[in-house]
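Please model the entire structure based on the sequences and the hints provided.
Line by line, the protein sequences are chains P and C.
To get the numbering used here, take the position in the first sequence, counting from 1, and add 7.
To get the numbering used here, take the position in the second sequence, counting from 1, and add 238.
Incorrect hints may have been included.
Claimed, not checked - Straight-line Cα separation of at most 30 Å, DSS-like style, residue types lysine-lysine; simulated pairs:
(1) P:K146 with C:K257
(2) P:K112 with P:K88
(3) P:K82 with C:K335
(4) C:K257 with P:K153
(5) P:K88 with C:K292
(6) P:K112 with C:K321
(7) P:K154 with C:K292
(8) C:K335 with P:K154
(9) P:K146 with C:K279
(10) P:K148 with P:K82
Stated by the list, open to error - Some chain C residues near chain P, calculated using beta-carbon distances under 10 Å:
(11) G291
(12) K292
(13) V326
(14) H340
(15) L345
For the record, the hints were derived by calculation from the structure and aren't laboratory data.
Glycine included, C-beta positions come from ideal geometry on N, C-alpha and C.
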Amino acid sequence: MFSKKSNESEENSSENSQNQYPEFTPEPVVESEPAAYEGSSNRINPTKPSIISEGFEFVGTITSDGVLNISGVIKGKVTAKSVLIDSTGLVEGELFSDQVMVKGKVLGDINCDELNIGPLAEVDGSVSYDSVHIQRGGKIKGHFIKK
Amino acid sequence: MVEANQSGCLFVGEGVVLKGNFAVPDIASVSGVVEGDLSAKQVIVESTGLIRGKVTAESVDIRGEVAEHLTASRSLIIRSSGKVGGSVHYAEIEIEKGGTLHGDLHLI
Numbered sequence: 008m009f010s011k012k013s014n015e016s017e018e019n020s021s022e023n024s025q026n027q028y029p030e031f032t033p034e035p036v037v038e039s040e041p042a043a044y045e046g047s048s049n050r051i052n053p054t055k056p057s058i059i060s061e062g063f064e065f066v067g068t069i070t071s072d073g074v075l076n077i078s079g080v081i082k083g084k085v086t087a088k089s090v091l092i093d094s095t096g097l098v099e100g101e102l103f104s105d106q107v108m109v110k111g112k113v114l115g116d117i118n119c120d121e122l123n124i125g126p127l128a129e130v131d132g133s134v135s136y137d138s139v140h141i142q143r144g145g146k147i148k149g150h151f152i153k154k
Numbered sequence: 239m240v241e242a243n244q245s246g247c248l249f250v251g252e253g254v255v256l257k258g259n260f261a262v263p264d265i266a267s268v269s270g271v272v273e274g275d276l277s278a279k280q281v282i283v284e285s286t287g288l289i290r291g292k293v294t295a296e297s298v299d300i301r302g303e304v305a306e307h308l309t310a311s312r313s314l315i316i317r318s319s320g321k322v323g324g325s326v327h328y329a330e331i332e333i334e335k336g337g338t339l340h341g342d343l344h345l346i
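Pasting the structure below:
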């Protein structure tokens with residue numbers, strides 16, 4: 008599971024590979040992945056996402072250099088390269104990320120470069136962004152600042 | 239684009255500067271500059287358009303710029319070239335990628 012047989016096999020065992028997650032991902036966060044991601048192995052981003060599953064509640068700070076999928080609840084500060092908040096997901100607290108896709112709920116401030124808000128999403132808080140796309144129906148309250 | 243001779247409509251052509259408060263029963267299409275308050279059933283701000291003042295409408299479609307205050311009681315669309323500043327009240331919102339929003343957002 009940990010030694011992923013990817014195309015970049017020369018990077019496979021090297022410690023300095025950026026996206027190998029033992030170095031970066033907090034252990035309690037990682038849960039086993041559903042088949043949805045294994046099936047689409049030809050995705051552009053080969054990084055395995057860290058997943059907060061539905062029904063999982065995490066209180067504290069999460070820091071990751073990779074992708075974070077949130078279907079459960081996070082109360083606290085989240086920092087990651089890319090964050091996906093699924094329709095069942097909730098983040099209560101600060102969110103720092105390059106890329107954020109919100110399909111669920113965020114109560115708190117978002118600081119990101121690229122923000123994508125889905126039609127059923129709810130955002131309440133101050134948002135600082137570089138590029139934003141809000142799909143029709145997204146419910147957003149708060150202060151918007153373009154960086 | 240709105241035909242200029244439709245009844246109940248306001249059409250502000252490119253290069254035109256309007257100052258004052260305007261109540262438009264139907265569609266207001268702005269390609270020029272409006273300085274003042276504008277209320278209409280539907281407001282369309284074209285890419286060369288700029289409204290400096292309070293905009294109140296059922297639906298608002300922005301390719302240009304709206305500064306200060308905006309209320310859209312039904313739908314608000316900010317296109318990729320659109321810029322909105324100030325406080326915004328809306329019932330339903332859509333922002334295309336590239337659209338700019340700088341200010342407070344309130345859900346009606």
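Here is what the structure says about each hint:
1. P:K146 with C:K257: 34 Å, violated
2. P:K112 with P:K88: Satisfied, since the Cα-Cα distance of roughly 19 Å is no more than 30 Å.
3. P:K82 with C:K335: 29 Å, holds
4. C:K257 with P:K153: 29 Å, holds
5. P:K88 with C:K292: 39 Å, violated
6. P:K112 with C:K321: 25 Å, holds
7. P:K154 with C:K292: Answer holds: K154 (chain P) to K292 (chain C) is near 25 Å, not above 30 Å.
8. C:K335 with P:K154: Holds - the C-alpha atoms of K154 (chain P) and K335 (chain C) are around 15 Å apart, at most 30 Å.
9. P:K146 with C:K279: Holds. K146 (chain P) to K279 (chain C) sits at ~23 Å (cutoff 30 Å).
10. P:K148 with P:K82: 19 Å, holds
11. G291: Cβ of G291 (chain C) sits 20 Å from chain P, so the hint is violated.
12. K292: This interface hint is violated because 19 Å lies over the 10 Å limit.
13. V326: 8 Å, holds
14. H340: 5 Å, holds
15. L345: Holds, about 5 Å.
In summary, the structure is inconsistent with hints 1, 5, 11, 12 from the numbered list given earlier, while agreeing with the others.
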